[in-house]
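Full structure from sequences and hints, please.
My numbering runs 770 ahead of the 1-based position in the sequence shown.
Some hints could be false.
Taking lysine-lysine and the DSS-like style, the derived pairs with C-alpha atoms no more than 30 angstroms apart in a straight line are [unchecked claim]: (1) K776 / K810; (2) K815 / K779; (3) K815 / K887; (4) K810 / K779; (5) K776 / K815; (6) K887 / K851; (7) K887 / K810; (8) K851 / K810.
It should be emphasised that the hints constitute simulated quantities derived from the structure, not laboratory data. For clarity, every value in this text was computed on a predicted model and none was experimentally measured.
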Amino acid sequence: MVDYAKLHKAARHDVRVCIQAWSEILRQFLGDRLDYMYAKGSAVKAWDSPIDYVPVLSDVDIHIRLTDDGGFFADVNDPFKFSMSFITEHEQRFYELEPEPLHFPRSQIVILNMVEKEEWYVPPRLDNITVIVGSP
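What follows is the structure in structure tokens.
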């Protein structure tokens, strides 16, 4: 019989490691341009059933607010090439922190500066997010 509690514990650990790796890399890259950062979505909510977080299908959503509207790649000459090396750096850091994970969590990064200006945007409730840096 599958021990879902054990699998959830291992998956939750991998999610925390993923967030830690993003935190380190994004702080280093963005420096003073980083206003705040939080994680949200199924990856950080309580998992009450085996399908609340599904590795390979579920994302670790990282939301970032910059101190300016220059965009994430403001100082980058080749955004595509940079993003490829950036994700590789994240993956390497993840495996340094956890050499034998249950899974490598998928990530999605959202830059809030433009999203917040949309009339349909509704900020998340603070009890639905995990603050990583700063104060939303």
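We went through each hint and held it up to the structure:
1. K776 / K810: The given pair, whose Cα atoms are some 23 angstroms apart, holds under the 30 angstroms limit.
2. K815 / K779: 13 angstroms, holds
3. K815 / K887: 26 angstroms, holds
4. K810 / K779: It holds: about 18 angstroms lies between the C-alpha atoms, which stays within 30 angstroms.
5. K776 / K815: Given that 30 angstroms is the threshold and the Cα spacing comes to 17 angstroms, the pair holds.
6. K887 / K851: This hinted pair holds, its Cα atoms lying about 28 angstroms apart.
7. K887 / K810: Judged against 30 angstroms, a Cα distance of about 19 angstroms means the pair holds.
8. K851 / K810: OK: K851 and K810 at ~27 angstroms, within 30 angstroms.
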